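In order, the protein sequence lines correspond to chains A and B.
The first sequence runs 1 to 116 under the numbering used here.
The second sequence runs 1 to 113 under the numbering used here.
These aren't lab readings, by the way, just hints derived from the structure by calculation.
On a predicted model such as this, the values are computed, not experimentally measured, just so you know.
Each residue gets a CB set at the ideal place from its N, CA and C atoms; glycine is no exception.
One should not assume that every hint holds.
[As the list claims (entries may be wrong)] Simulated crosslink set (EDC-like; lysine to aspartate or glutamate; CA at most 20 Å straight-line): (1) A:LYS57 / B:ASP93; (2) A:LYS57 / A:GLU75; (3) A:LYS57 / B:ASP99.
[As the list claims (entries may be wrong)] Now the in silico label distances, taken between C-beta atoms and shown as ranges: (4) A:GLN18 / B:VAL28: 38 to 44 Å; (5) A:THR53 / B:VAL44: 47 to 53 Å; (6) A:ARG30 / B:ALA78: 23 to 29 Å; (7) A:ASN59 / B:GLY82: 32 to 38 Å; (8) A:GLN17 / B:GLY53: 48 to 54 Å; (9) B:GLY53 / A:GLN18: 48 to 54 Å; (10) A:PRO61 / B:VAL28: 46 to 52 Å; (11) A:GLN18 / B:GLN80: 39 to 45 Å; (12) A:TYR10 / B:SER26: 37 to 43 Å; (13) B:LYS59 / A:THR80: 44 to 50 Å; (14) A:ARG73 / B:LYS59: 46 to 52 Å.
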Amino acid sequence: KAGVTQTPRYLIKTRGQQVTLSCSPISGHRSVSWYQQTPGQGLQFLFEYFSETQRNKGNFPGRFSGRQFSNSRSEMNVSTLELGDSALYLCASSWHPTSPSVYEQFFGPGTRLTVL
Amino acid sequence: TQLLEQSPQFLSIQEGENLTVYCNSSSVFSSLQWYRQEPGEGPVLLVTVVTGGEVKKLKRLTFQFGDARKDSSLHITAAQPGDTGLYLCAGADSGGGADGLTFGKGTHLIIQP
Numbered sequence: 001k002a003g004v005t006q007t008p009r010y011l012i013k014t015r016g017q018q019v020t021l022s023c024s025p026i027s028g029h030r031s032v033s034w035y036q037q038t039p040g041q042g043l044q045f046l047f048e049y050f051s052e053t054q055r056n057k058g059n060f061p062g063r064f065s066g067r068q069f070s071n072s073r074s075e076m077n078v079s080t081l082e083l084g085d086s087a088l089y090l091c092a093s094s095w096h097p098t099s100p101s102v103y104e105q106f107f108g109p110g111t112r113l114t115v116l
Numbered sequence: 001t002q003l004l005e006q007s008p009q010f011l012s013i014q015e016g017e018n019l020t021v022y023c024n025s026s027s028v029f030s031s032l033q034w035y036r037q038e039p040g041e042g043p044v045l046l047v048t049v050v051t052g053g054e055v056k057k058l059k060r061l062t063f064q065f066g067d068a069r070k071d072s073s074l075h076i077t078a079a080q081p082g083d084t085g086l087y088l089c090a091g092a093d094s095g096g097g098a099d100g101l102t103f104g105k106g107t108h109l110i111i112q113p
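This is chain A alone, in the form it adopts within the complex (with noise of 0.2 Å):
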């Protein structure tokens, strides 16, 4: 079964500028979540999409944002960029986003964003 994928590995953009990042699922895995993860912070949540709608959001300003599509493919956008959005920006799915007590999620390799 193949793992979660996410392109591209490397960016490298500009201030000002705006990146699209892409995350596909496990085949099966209906919700896709994002993560931002730098040293000073470590790993914080971006926001989380079920059927193409969004569950929830974390504490980023609305530069960024994201959308899911039927195939539970997801995307995230971050516009206007500035120095300190550089950071490893991680995906990860699941099959379902809620249980009792467990909520298990597959991370991807990252794409590794640099901000000039």
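Could you slot chain B onto chain A? The hints should help.
Same frame as chain A, now just chain B:
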């Protein structure tokens, strides 16, 4: 806001030694997960513990969930260079979903041959 504190932040030991890393919080979690992340890759789920006091073993790795479900530990016996990586704990609240997950900042572990 729930917080998970991991300690130590960095650990470098020789091959064959034992080690324990900790994940502590003042909040109660419905479950807790441990991940290992290698450079250039995403985190890989190692284990999920659900019941207070639960102990799970994965070869040389032993995971324990505190009785009060506020803390957890990971013990590695006879560490090997292949154990090198960033170890992350993540606590889930009862709400479920990714927004209910709180991640610690991780323990960077280096096992020297």
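Evaluated hints:
With a CA separation close to 16 Å, the supplied pair A:LYS57 and B:ASP93 stays within the 20 Å bound. For the hint pairing A:LYS57 with A:GLU75, the CA-to-CA distance comes to about 14 Å; that is within 20 Å, so the pair holds. Taken as a hint, the A:LYS57 and B:ASP99 pair is honoured in the structure, with Cα atoms around 7 Å apart against an allowance of 20 Å. Separated by about 41 Å at the C-beta atoms, A:GLN18 and B:VAL28 satisfy the suggested range of 38 to 44 Å.
Under the hint 47 to 53 Å, the C-beta atoms of A:THR53 and B:VAL44, about 28 Å apart, miss the expected range. At about 41 Å, the beta-carbon gap between A:ARG30 and B:ALA78 misses the expected band of 23 to 29 Å. Checked against the given bound of 32 to 38 Å, the beta carbons of A:ASN59 and B:GLY82, roughly 36 Å apart, stay inside it. With their beta carbons about 51 Å apart, A:GLN17 and B:GLY53 fall inside the hinted range of 48 to 54 Å.
At about 49 Å, the CB distance of B:GLY53 to A:GLN18 agrees with the hint of 48 to 54 Å. A:PRO61 and B:VAL28 have their C-beta atoms about 31 Å apart, which leaves the hinted 46 to 52 Å range violated. Between A:GLN18 and B:GLN80 the Cβ separation comes to about 44 Å, which falls inside the hinted range of 39 to 45 Å. At roughly 38 Å, the beta-carbon separation of A:TYR10 and B:SER26 lies within the given 37 to 43 Å, and the hint holds.
Take B:LYS59 and A:THR80: their Cβ atoms lie about 47 Å apart, and the range 44 to 50 Å holds. Evaluation of the 46 to 52 Å hint for A:ARG73 and B:LYS59 yields a failure: the beta carbon distance comes to about 35 Å.
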